[in-house]
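> Chain order of the listed sequences is A and B. Going by the numbering used here, the residue at position 36 of the first sequence is 36; the numbering climbs one at a time, nothing skipped. Just add 114 to the spot in the second sequence (first one is 1) and you have the numbering used here.
Hints were generated in silico from the structure; no laboratory data involved. Because the structure is a prediction, the values reported are computed rather than measured. Worth double-checking, as some hints may not be accurate.
Selected chain A positions facing chain B (in silico; Cβ < 10 Å) [unchecked claim]: (1) R9; (2) G28; (3) V32; (4) Q41; (5) Q44; (6) F45; (7) F64; (8) L88; (9) E102; (10) Q107.
Below, a sample of chain A positions facing chain B; criterion: calculated Cβ distance under 10 Å [what the hints assert, rightly or not]: (11) Q6; (12) E48; (13) F60; (14) G62; (15) A103; (16) G108; (17) L111.
If you want the footprint, here are the derived chain B segments under chain A, 3+ residues with CB under 8 Å [said to hold, decoys possible]: (18) 150-163; (19) 211-222.
Glycine included, every Cβ here is placed at the ideal spot set by N, Cα and C.
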Amino acid sequence: KAGVTQTPRYLIKTRGQQVTLSCSPISGHRSVSWYQQTPGQGLQFLFEYFSETQRNKGNFPGRFSGRQFSNSRSEMNVSTLELGDSALYLCASSLAGPGNTEAFFGQGTRLTVV
Amino acid sequence: TQLLEQSPQFLSIQEGENLTVYCNSSSVFSSLQWYRQEPGEGPVLLVTVVTGGEVKKLKRLTFQFGDARKDSSLHITAAQPGDTGLYLCSVPGSGNTGKLIFGQGTTLQVKP
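With the rest of the complex left out, here is chain A (with noise of 0.2 Å):
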């Protein structure tokens, strides 16, 4: 079966723009979960969605947000860049039921803010 999809790989934003970030989870997936990645941070969460709604919430400002779709593709939205937003954003799909964790990962879209 296909794997989690994230569009655009690659993204150049300058400071202040915003950006939107899209991900097809695998078929039958209904959570997403979208974290950051830095060298000096690591993996950070920054929210979940199931179902449509948003689930859990990470310590980002509300600059950062998402949604989800009927069909659960999800996208999230990053107002008003700054440098310090550069960084991997990783989406990651689950069935997320009772007992299961196992995520599964796109490859990412890779952001830099100039």
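Chain A is already provided as a structure; the job is to place chain B on it using the hints.
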């Protein structure tokens, strides 16, 4: 303070050597996972351990969950260049959600 402390942070060894990386915490977990991430890719799940004292083997990789379910180790026998990558341990966040909490990772380089 990191919930999960991984050590060492970096490891550079020659092909054929053995190595062990550790994932430690003061908290008790229902389960723990190990992922490997190669450059330019997302993490890929290697194993999930759920029982204290559990040992799982995946070819040359041996994973152990501590008796108290607070720590874990990953041992690689006769490392190969294809083992190069970032090794991450993770635990579930609170509640039955998809949230995972990751350690900082161990970067392994295996030189031919």
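> Are the hints correct? Go through all of them and say.
Each hint, compared with the structure:
1. At about 9 Å, the closest approach between the beta carbon of A/R9 and any beta carbon in chain B falls short of 10 Å, and the interface hint on this residue holds.
2. The criterion of a C-beta within 10 Å of any C-beta in chain B is not met by A/G28, whose closest approach is roughly 14 Å, and the hint is violated.
3. Satisfaction of the interface hint for A/V32 is found here, the shortest Cβ-Cβ separation to chain B being roughly 8 Å, below the 10 Å cut-off.
4. For A/Q41, the interface hint holds, the least distance from its beta-carbon to any beta-carbon of chain B being 8 Å, beneath 10 Å.
5. With its C-beta approaching chain B no nearer than about 8 Å, A/Q44 sits inside the 10 Å limit, and its interface hint holds.
6. With a cut of 10 Å, the hint placing A/F45 at the interface with chain B holds, because the nearest CB-to-CB distance is about 5 Å.
7. About 15 Å separates the beta-carbon of A/F64 from the nearest beta-carbon of chain B, more than 10 Å, and the hint is not met.
8. Interface hint at A/L88: satisfied, since its Cβ lies 9 Å from the closest Cβ of chain B, which is below the 10 Å cut-off.
9. With a cut of 10 Å, the hint placing A/E102 at the interface with chain B holds, because the nearest CB-to-CB distance is about 6 Å.
10. Of the supplied interface hints, the one on A/Q107 holds, with its beta-carbon coming within about 5 Å of a beta-carbon of chain B, less than 10 Å.
11. Taking 10 Å as the C-beta contact cut-off toward chain B, the hint placing A/Q6 at the interface holds, the least distance being around 8 Å.
12. At a threshold of 10 Å, the smallest CB-CB gap from A/E48 to chain B is about 5 Å, leaving the interface hint in force.
13. For A/F60, the interface hint is violated, since its Cβ never comes within 10 Å of a Cβ in chain B; the closest pair sits about 13 Å apart.
14. At a threshold of 10 Å, the smallest CB-CB gap from A/G62 to chain B is about 19 Å, leaving the interface hint violated.
15. Nearest Cβ of chain B to the Cβ of A/A103: about 6 Å, under the 10 Å cut. The hint holds.
16. Nearest Cβ of chain B to the Cβ of A/G108: about 5 Å, under the 10 Å cut. The hint holds.
17. Hint status for A/L111 relative to chain B: violated, with the closest Cβ pair at about 14 Å, above 10 Å.
18. Coverage of the stretch 150-163 of chain B by chain A holds [criterion: at least 3 residues with CB-CB distance below 8 Å; count 7].
19. Check result for the stretch 211-222 of chain B against chain A: holds, 9 residues qualifying (beta carbon to beta carbon below 8 Å, three or more required).
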